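A.B. asks: As given, the protein sequences belong to chains A and B, one line each in that order.
In terms of the numbering used here, the first sequence is residues 1 to 306.
In terms of the numbering used here, the second sequence is residues 1 to 306.
Incorrect hints may have been included.
A pair counts as met if it fits within one copy or between any two copies, since identical chains are not told apart.
Below, a list of computed lysine to any residue pairs in the SDA-like style, where the Cα atoms sit at most 20 Å apart [to be verified]:
{"id": "1", "residue 1": "K46", "residue 2": "P73"}
{"id": "2", "residue 1": "K198", "residue 2": "F6"}
{"id": "3", "residue 1": "K9", "residue 2": "E282"}
{"id": "4", "residue 1": "K58", "residue 2": "Q285"}
{"id": "5", "residue 1": "K79", "residue 2": "E91"}
{"id": "6", "residue 1": "K198", "residue 2": "A279"}
{"id": "7", "residue 1": "K9", "residue 2": "A74"}
{"id": "8", "residue 1": "K292", "residue 2": "H184"}
{"id": "9", "residue 1": "K79", "residue 2": "K141"}
{"id": "10", "residue 1": "K79", "residue 2": "Q26"}
{"id": "11", "residue 1": "K141", "residue 2": "E94"}
{"id": "12", "residue 1": "K198", "residue 2": "E159"}
{"id": "13", "residue 1": "K198", "residue 2": "G236"}
{"id": "14", "residue 1": "K163", "residue 2": "T271"}
{"id": "15", "residue 1": "K198", "residue 2": "D270"}
{"id": "16", "residue 1": "K198", "residue 2": "I274"}
{"id": "17", "residue 1": "K79", "residue 2": "S52"}
Keep in mind that the hints were calculated from the coordinates and are not lab data.
Owing to the predicted nature of the structure, the values given are computational and were not obtained by experimental measurement.
2 protein chains.
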Amino acid sequence: MTKNEFPRKITIREVGPREGFQSLSQVVPTDDKLELIRALVSAGVKEIEVTSFVRPDKVPQLSDAEELARRLPAHAGVKYTALYLNQRGFERAEASGVFQNDAWLYTSPSETFLRHNNNAGIEDLLSQVPVWASIFSARQKSALRLMISNSFGCAYEGEIAPKVVVYIVERYLSALASVGLSLHEVCLADTVGMAHPKSIEHCVSAVRSLGVPVSLHLHDTRGLGITNSYVALELGITTFETSIGGIGGCPFTPGAAGNVATEDMVYLCDTLGIETGLAWREMAQVARLAEKIIGRPLPGRVYKTI
Amino acid sequence: MTKNEFPRKITIREVGPREGFQSLSQVVPTDDKLELIRALVSAGVKEIEVTSFVRPDKVPQLSDAEELARRLPAHAGVKYTALYLNQRGFERAEASGVFQNDAWLYTSPSETFLRHNNNAGIEDLLSQVPVWASIFSARQKSALRLMISNSFGCAYEGEIAPKVVVYIVERYLSALASVGLSLHEVCLADTVGMAHPKSIEHCVSAVRSLGVPVSLHLHDTRGLGITNSYVALELGITTFETSIGGIGGCPFTPGAAGNVATEDMVYLCDTLGIETGLAWREMAQVARLAEKIIGRPLPGRVYKTI
Numbered sequence: 001m002t003k004n005e006f007p008r009k010i011t012i013r014e015v016g017p018r019e020g021f022q023s024l025s026q027v028v029p030t031d032d033k034l035e036l037i038r039a040l041v042s043a044g045v046k047e048i049e050v051t052s053f054v055r056p057d058k059v060p061q062l063s064d065a066e067e068l069a070r071r072l073p074a075h076a077g078v079k080y081t082a083l084y085l086n087q088r089g090f091e092r093a094e095a096s097g098v099f100q101n102d103a104w105l106y107t108s109p110s111e112t113f114l115r116h117n118n119n120a121g122i123e124d125l126l127s128q129v130p131v132w133a134s135i136f137s138a139r140q141k142s143a144l145r146l147m148i149s150n151s152f153g154c155a156y157e158g159e160i161a162p163k164v165v166v167y168i169v170e171r172y173l174s175a176l177a178s179v180g181l182s183l184h185e186v187c188l189a190d191t192v193g194m195a196h197p198k199s200i201e202h203c204v205s206a207v208r209s210l211g212v213p214v215s216l217h218l219h220d221t222r223g224l225g226i227t228n229s230y231v232a233l234e235l236g237i238t239t240f241e242t243s244i245g246g247i248g249g250c251p252f253t254p255g256a257a258g259n260v261a262t263e264d265m266v267y268l269c270d271t272l273g274i275e276t277g278l279a280w281r282e283m284a285q286v287a288r289l290a291e292k293i294i295g296r297p298l299p300g301r302v303y304k305t306i
Numbered sequence: 001m002t003k004n005e006f007p008r009k010i011t012i013r014e015v016g017p018r019e020g021f022q023s024l025s026q027v028v029p030t031d032d033k034l035e036l037i038r039a040l041v042s043a044g045v046k047e048i049e050v051t052s053f054v055r056p057d058k059v060p061q062l063s064d065a066e067e068l069a070r071r072l073p074a075h076a077g078v079k080y081t082a083l084y085l086n087q088r089g090f091e092r093a094e095a096s097g098v099f100q101n102d103a104w105l106y107t108s109p110s111e112t113f114l115r116h117n118n119n120a121g122i123e124d125l126l127s128q129v130p131v132w133a134s135i136f137s138a139r140q141k142s143a144l145r146l147m148i149s150n151s152f153g154c155a156y157e158g159e160i161a162p163k164v165v166v167y168i169v170e171r172y173l174s175a176l177a178s179v180g181l182s183l184h185e186v187c188l189a190d191t192v193g194m195a196h197p198k199s200i201e202h203c204v205s206a207v208r209s210l211g212v213p214v215s216l217h218l219h220d221t222r223g224l225g226i227t228n229s230y231v232a233l234e235l236g237i238t239t240f241e242t243s244i245g246g247i248g249g250c251p252f253t254p255g256a257a258g259n260v261a262t263e264d265m266v267y268l269c270d271t272l273g274i275e276t277g278l279a280w281r282e283m284a285q286v287a288r289l290a291e292k293i294i295g296r297p298l299p300g301r302v303y304k305t306i
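So here's chain A without its partners, still in its complex pose (with noise of 0.2 Å):
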């Protein structure tokens, strides 16, 4: 194949304080995570997932959304994201006051994990399309995206085929047509690690042949994190999700270790000419202070080098 020119610049979506600080076994203060967030914003990051709306008896580690939400550093230019997984989550998302949040609809090509992350099933999610759809007009969100977490492979059902992808994409693709929406994004989400250059290439590949704008949300686990996010840039990609010092993780995952880290692909960019509109070195300061606030040494690489 030949390659494509890089992009000339990139979008970066951080979610540490969202999957970082969800995923670990501690609750971190909500100061420390204001602190983060704030340090974050100063460094120039545009967008942040901040948390995530989920049940506070499931996801201690998140149950100071709503305070978190209601602290948040108002700053012209930075959107603040977070993630719900159902109507309620979505209402106490949009009842905080804060979020200029985008409607999300999430998803996997994976039953086996809908069953442990949703509790319901892939036709489960796509009988509701109609339900959000209807909650979505009525909250005026016009551009619609699609998270498909696992999209390279799950702990339960090994690798996932580009096909399986595309299937569950036309599925949402019809269902949204059908009540006259389109969208305007798909993540794919390496949730365990398991992507690698080929299956990156091909997935991204196939799904783009729908017509469907693709963005990637890559994890480190398998050491081809950073690889991945090269290939990617090489086919065009444009916004990728990251995390402050690689924190994150998948819960069900034993061992699955961290997100690609936000300040390495700033660095990783920086080599290749791409603009980030950040500064590997000033985002490598904030991973520092995310390492201090957890209080050990995180999977980033290229902080531990200043």
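Here the structure of chain A is known, so what remains is to put chain B in place on it, guided by the hints.
C.D. replies: Leaving out everything else, chain B in the frame of chain A:
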């Protein structure tokens, strides 16, 4: 540019027993080193750099070089190698009676590094080429190889331009030609982990244009070790020096952690359909053993998932 086909097969030289154990503050018992070497051999590793014949008072971690050499497990098809910095070290390696050493010359484009590491400058080293030539000739060494430390960057001198590396190689080729010798290999070592995809591409291409086969010795200090290896595979490089568990690092560079981990490299190759003669899960078990011997988690990624 157009991507090359990936090579069908590569050779992995394991350097963990030398570089890994040398970089530790603790001295690893000879029995433990031998246990790791036996495990590497059992897993199918065919070339292992086991020690360095340096001054025991300067590098107590490798003061057991002679004993280790004497006790190495004999195994058909396995090649043990060792480093040396000077003629005394070379003669000790030869006298150990075990090594089927190729002849290596060691240099660097960083004058400052050479002064620290070799207590000599580049011109001093070049002036010794005829001396080495007669030593190698007396020992019937035919395959002459050149190791270039800090080929991509140096803790003292920053990023190193490919043209400086090319200049060094040209000087060696010329010095060797004057005594009737040529180079069978140039190993570009990213001693402090400053290489990145573009510098790999530029430096490898530039040195190759001199007609010498290139191998790589890469570190993961800034998180690009595996990505740089991927780029090198795209360029058709077929010989890599890696370290089990990612142990190793430059003692002169604070925080400069880790060679590319052998098992992570094997895993990458496996996903690309490139033969290494090794199985990543088996190599991951050996990394587990290395972790047990060293007594703390190692930088390698994939071994933590088994």
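A.B. asks: Hint by hint, say whether it matches the structure.
C.D. replies: Verification of the hints:
| no. | hint | in the structure |
| --- | --- | --- |
| 1 | K46 <-> P73 | within (12 Å within a copy, 57 Å between copies) |
| 2 | K198 <-> F6 | both (18 Å within a copy, 12 Å between copies) |
| 3 | K9 <-> E282 | within (18 Å within a copy, 41 Å between copies) |
| 4 | K58 <-> Q285 | neither (32 Å within a copy, 35 Å between copies) |
| 5 | K79 <-> E91 | within (18 Å within a copy, 65 Å between copies) |
| 6 | K198 <-> A279 | between (30 Å within a copy, 19 Å between copies) |
| 7 | K9 <-> A74 | neither (25 Å within a copy, 55 Å between copies) |
| 8 | K292 <-> H184 | neither (37 Å within a copy, 49 Å between copies) |
| 9 | K79 <-> K141 | within (15 Å within a copy, 65 Å between copies) |
| 10 | K79 <-> Q26 | neither (27 Å within a copy, 48 Å between copies) |
| 11 | K141 <-> E94 | within (11 Å within a copy, 75 Å between copies) |
| 12 | K198 <-> E159 | within (12 Å within a copy, 31 Å between copies) |
| 13 | K198 <-> G236 | both (15 Å within a copy, 17 Å between copies) |
| 14 | K163 <-> T271 | between (34 Å within a copy, 18 Å between copies) |
| 15 | K198 <-> D270 | between (24 Å within a copy, 11 Å between copies) |
| 16 | K198 <-> I274 | between (23 Å within a copy, 12 Å between copies) |
| 17 | K79 <-> S52 | within (15 Å within a copy, 54 Å between copies) |
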